[in-house]
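Colleague: Here is what each chain is made of, one letter per residue.
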Amino acid sequence: DGGITQSPKYLFRKEGQNVTLSCEQNLNHDAMYWYRQDPGQGLRLIYYSQIVNDFQKGDIAEGYSVSREKKESFPLTVTSAQKNPTAFYLCASSPRDRKANTEAFFGQGTRLTVV
Amino acid sequence: AQTVTQSQPEMSVQEAETVTLSCTYDTSESDYYLFWYKQPPSRQMILVIRQEAYKQQNATENRFSVNFQKAAKSFSLKISDSQLGDAAMYFCAYRRTNFGNEKLTFGTGTRLTIIP
Chain A
1 DGGITQSPKY LFRKEGQNVT LSCEQNLNHD AMYWYRQDPG QGLRLIYYSQ IVNDFQKGDI
61 AEGYSVSREK KESFPLTVTS AQKNPTAFYL CASSPRDRKA NTEAFFGQGT RLTVV
Chain S
116 AQTVTQSQPE MSVQEAETVT LSCTYDTSES DYYLFWYKQP PSRQMILVIR QEAYKQQNAT
176 ENRFSVNFQK AAKSFSLKIS DSQLGDAAMY FCAYRRTNFG NEKLTFGTGT RLTIIP
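Note that the protein sequences, when read in sequence, are chains A and S.
Residues in the first sequence are numbered from 1 upward in steps of one, following this note's numbering.
Residues in the second sequence are numbered from 116 upward in steps of one, following this note's numbering.
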């Protein structure tokens, strides 16, 4: 079945450590997104990518980094520079073709906790 | 920059009744997409309904319908015959249609409670 997979579901990190969240999709979508979700703040865009080897900062990119070496994969690294990384992270993908279904498909999320 | 505003952090409705969730947005574009997503306790995001700005007709999906007022930049969601399974966070979202800028922007969400 086609879909988008995030791993792991739960992740614990010690302060000062970098950690990478995985996002893989087999929907052949060009665009991929990373969102952070905190209580009362909805979904805030961290980074997005429209094609391979290209990505743009979203609204809260500081302390995060991404790469897009393959169409299927868009990993997010939470660096030690992110002051408050404990949150729920959602990855999404969508097609770019106007004629295609335009909705974004979401993974099941990763809950990151700093200990 | 595009912004999406949901002014109702929480709403509640009696089972089988109708409820309307509000959403407004700010854009200088004339063509774009608007979405309502549902996030149940499982936290899986589910598309509820989609509206293309160039279409005059309001979108409808079974018990879900929208009231799209382009001039007012308003995009409300109406849920008819509310069911217990409708309890969730609802997010309004905006996306431009032009190729090359697929940024997808969300509002802060409305938590909907269904009262049995």
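Bear in mind the hints are in silico, worked out from the structure with no lab data behind them.
Treat each hint with caution, since some may be false.
In silico lysine to any residue, SDA-like type, Cα no more than 25 Å apart, as pairs [claimed, not checked]:
| no. | chain 1 | residue 1 | chain 2 | residue 2 |
| --- | --- | --- | --- | --- |
| 1 | A | LYS70 | A | ASP38 |
| 2 | A | LYS57 | S | ARG226 |
| 3 | S | LYS185 | A | LYS9 |
| 4 | A | LYS9 | A | ALA31 |
| 5 | A | LYS70 | S | ARG226 |
| 6 | S | LYS218 | A | PHE12 |
| 7 | S | LYS188 | A | ARG96 |
| 8 | S | LYS218 | A | GLN108 |
| 9 | S | LYS218 | A | THR79 |
| 10 | S | LYS170 | A | GLY3 |
| 11 | S | LYS218 | A | VAL115 |
| 12 | S | LYS188 | A | THR79 |
| 13 | A | LYS9 | S | ARG226 |
| 14 | A | LYS71 | S | ARG226 |
Simulated coverage check for chain A against chain S, where a stretch passes if three residues somewhere in it have a Cβ under 8 Å from a Cβ of chain S [as the list claims (entries may be wrong)]:
| no. | stretch |
| --- | --- |
| 15 | 60 to 67 |
| 16 | 105 to 115 |
All C-beta atoms, glycine included, are put in the ideal place defined by N, C-alpha and C.
Colleague: Which of the listed hints are not met by the structure?
Modeller: Those not satisfied are hints 1, 2, 3, 5, 6, 10, 11, 12, 14 and 15.
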